[in-house]
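Asker: If you want the building blocks of each chain, they are given just below.
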Amino acid sequence: MNFTLYDYAMSGNCYKIRLFASILDVEYERIAVEFYPAAEHKSYKMLQLSRAGTLPILKSGDMILSETSAMLFWMAQKFDSFENWWPAKRGADLNALILQWMDFSSQLSKTVGRARLNALFQTPVDLDKAIEGARRALRQIESHLTEQSFDDKKFLVSDKPTIADIACFPYVALSPDVGANLGLEHDGYPAIQSWLYSIKSLDGFIPMPGIYPMHDLKADETDFAGNRPATGKVG
Amino acid sequence: MVSFAVGLTKNLPDGRVMRSFVENHDLVIWRSVSGQLSCWLNRCPHRGMRLSHGFVRGEALACVYHGWHYGKDTACRYIPAHPDLDPPGTIKTMAFRSFDKGGIIWVNIDNKKDEPIIPNNLLSVRSLEFRCPLEMVEAEIPEFEYHSAKKGLLNLKIKKQGFGKWIIEILGQGLYMHLFLHKLPSQKCAIHALSNDNVSSEQRKDMSRLLEHLRYVSEAKYKVLAA
Amino acid sequence: MNAIEQAMQYWYPIGMLGDLQRSETRKTRLLGMDIELKTEQSGLISVFHQKKPWNTKSAYGHIWTSPSKMPKPLFDVPEAGDHERRFVPCGSVRVRCSPLRAVENFLDVAHFPFVHTDILGAEPHTEVEPYSVNIDETKDEVIATKVKFYQPQAAKSASDGIVTDYVYRVPSPMNALLYKTCPNRDDVQDVIAIFVQPLDEETCDVWPWMALYDDQSTMAEMIEFQQLIFLQDRSVLENQIPIKLPLDPKMEIPTRADLTSVAYRRWLKKHGAIYGAMVSSTDDAWVAAQ
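Chains as they are written, first to last, in the working numbering: chain Y, 1 to 235; chain Z, 1 to 227; chain L, 1 to 290.
Derived by calculation from the structure, the hints in this document are not laboratory data.
It cannot be assumed that every hint is accurate.
Mimicking EDC-like on lysine to aspartate or glutamate, the simulated pairs with C-alpha atoms at most 16 Å apart in a straight line are [stated by the list, open to error]: (1) 223(Z) to 132(Y); (2) 183(Z) to 187(Y); (3) 112(Z) to 100(Z); (4) 223(Z) to 128(Y); (5) 183(Z) to 129(Z); (6) 10(Z) to 151(Y); (7) 160(Z) to 138(Z); (8) 92(Z) to 252(L); (9) 10(Z) to 100(Z); (10) 10(Z) to 187(Y); (11) 205(Z) to 151(Y).
Please read these numbers as outputs of a predicted model, since none were measured by experiment.
Make the full structure from the sequences, and use the hints.
Answerer: Take a look at the structure:
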């Protein structure tokens with residue numbers, strides 16, 4: 001195995017790592033941690049592993065990582081030999097912009113992520129502040145993606161996806177979980193919708209609860225005219 | 001009733017689904033793979049699921065809950081739980097007249113055939129949602145001033161073209177923008193904005209930022225008023 | 001008897017056993033009423049509404065309460081006494097939907113390929129074969145039997161796709177149980193339940209609970225699996241219009257696959273269990289949705 005991931009299926013932060021591993025087609029060992037209701041990530045045993053007391057945790061040999069940006073960077077360095085996801089040779093500007101959006105992704109976790117945990121499990125949070133911050137973050141990313149589209153760029157820093165897109169995708173995609181009519185549904189954000197669609201279209205994309213798969217057609221069904229399949233009963 | 005601007009054509013490519021509102025009607029608007037536009041009540045007749053969460057398959061829209069497929073004529077064509085069943089004609093969605101014109105998606109809930117007047121050579125800028133009522137924005141636009149970070153205070157010539165329709169001309173730069181205001185439920189609204197077509201990417205960014213500032217000012221005033 | 005009086009006759013889950021701290025008071029809501037769940041230093045648990053005590057009891061991994069002085073007896077789950085099983089409470093998940101919509105979704109298999117894609121169902125295996133539904137007159141429960149569905153990963157412990165057999169039980173309006181093929185053993189069935197705490201007619205906390213034969217999976221894995229399934233449902237449940245469950249057959253169109261749902265809706269109507277329901281198609285919220 002390439003690494004061990006201490007994981008929780010409902011966490012957007014954990015999902016970043018599962019999604020990127022799936023896109024890179026990297027195998028890893030997965031250990032489920034009971035984030036809710038037992039708060040196992042705060043248990044003595046888990047704190048021995050990572051003092052941060054957060055999920056996910058990535059372990060490779062003696063190395064323990066608790067920040068998802070570092071994990072995504074490490075995975076890109078280690079498993080992406082074409083340097084698509086962390087294009088180190090494409091210049092300082094591009095790399096700095098990737099880092100900037102990776103930092104921005106922690107804003108999404110603090111706002112959308114916390115408001116969502118409150119909506120699901122009533123985890124204590126200053127909800128109004130989290131929602132206000134979440135809306136501001138979505139507007140920022142919407143405006144940026146709109147400007148990118150004027151330059152025919154579909155992704156956050158380039159015409160191709162980078163680890164910045166992986167870092168920001170989960171909590172933008174999960175924002176409707178927080179609730180209706182808070183400015184956190186995707187209806188008012190067309191550039192975000194296009195970007196989510198582009199990411200869902202990537203080879204190796206996997207869903208998580210709250211993020212639907214595309215339900216795209218198989219190659220032999222492309223003529224589907226809305227009628228039931230000509231073969232009738234299938235399976 | 002006239003046709004309402006509900007979104008920008010470029011924001012709904014073939015095979016995609018969006019949600020919008022006209023007069024408190026929750027609507028699903030979708031474009032088939034061959035490019036045909038439809039606008040329906042946003043509700044699957046089976047279990048009430050919003051169809052805007054659904055997915056396009058060829059010339060049909062499928063509900064995400066149980067995968068019921070509806071054709072462009074609104075009739076249910078396929079129920080996956082009963083693959084051999086020809087769904088009865090009574091199972092259908094409710095459609096409203098919708099069409100693309102001048103880069104805008106229009107909906108007429110009375111299904112009347114009116115033709116909105118709009119030049120056909122405009123370029124999309126963006127759709128922007130405001131968390132304040134349309135009337136706030138209507139009142140703000142004539143007073144609106146904008147300091148561009150790069151160009152300082154812009155010389156704007158603002159013209160009203162009818163209810164919810166404005167043209168903002170940026171003098172000296174050969175730029176003008178058509179704004180279509182769109183009333184949304186819960187004290188919200190949106191602007192669908194287009195510009196003349198011979199503009200650079202930088203100029204489009206300027207116009208996009210101008211709209212963000214209009215939103216900032218309108219929402220700030222609404223906050224004061226609401227408090 | 002009006003909707004709320006009818007609803008007040010039942011027991012409702014409001015917490016998980018073993019999750020409460022000594023000398024702790026938790027605030028929650030039931031049927032639109034604010035309540036306090038107090039745990040004494042001695043471990044004694046009590047529930048108060050406007051300083052008046054309500055009945056409480058412990059059962060099936062949860063604390064239950066009822067606003068009624070003489071509540072109907074809590075339904076029986078015989079499998080809860082089977083100590084070969086592992087009992088798995090999963091905490092609660094809040095959903096902005098009618099408590100009755102949450103139960104109805106639990107009784108439905110046709111959504112598996114689309115909402116629980118590649119886990120509880122997958123295209124092209126979408127067909128729902130005919131099954132039986134009846135009312136158990138002695139227990140007054142809705143029962144669906146002989147429900148079969150192809151599942152790629154029926155449980156945490158399943159490694160391959162199997163055709164899973166289901167039996168469903170609705171013993172009270174806001175609680176439902178299912179008995180399904182156990183991936184590890186032919187002779188027994190796993191039990192999965194949802195116990196629903198109606199905060200009001202349009203919001204609920206859902207408490208999943210399981211009694212499984214599974215000696216391979218960790219507790220974290222079993223809980224995670226059930227939470228994952230329910231969170232997939234949540235996105236649907238928060239997007240059904242109207243929010244309340246329509247009981248007038250004209251309001252939503254069922255097919256043969258929805259027989260359990262049809263029986264459930266009729267049974268609710270017969271009992272006047274309409275807290276969280278929309279009875280008539282002349283209801284304002286329904287007219288507005290048209």
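Asker: With reference to the structure, classify each hint as holding or not holding.
Answerer: Hints versus structure:
1. 223(Z) to 132(Y): 13 Å, holds
2. 183(Z) to 187(Y): Holds. Residue 183(Z) to residue 187(Y) sits at ~14 Å (cutoff 16 Å).
3. 112(Z) to 100(Z): Roughly 15 Å separates the two Cα atoms, so the pair holds.
4. 223(Z) to 128(Y): 15 Å, holds
5. 183(Z) to 129(Z): Cα-Cα ~10 Å, so holds.
6. 10(Z) to 151(Y): 15 Å, holds
7. 160(Z) to 138(Z): Holds. Residue 160(Z) to residue 138(Z) sits at ~9 Å (cutoff 16 Å).
8. 92(Z) to 252(L): 11 Å, holds
9. 10(Z) to 100(Z): 10 Å, holds
10. 10(Z) to 187(Y): 15 Å, holds
11. 205(Z) to 151(Y): 10 Å, holds
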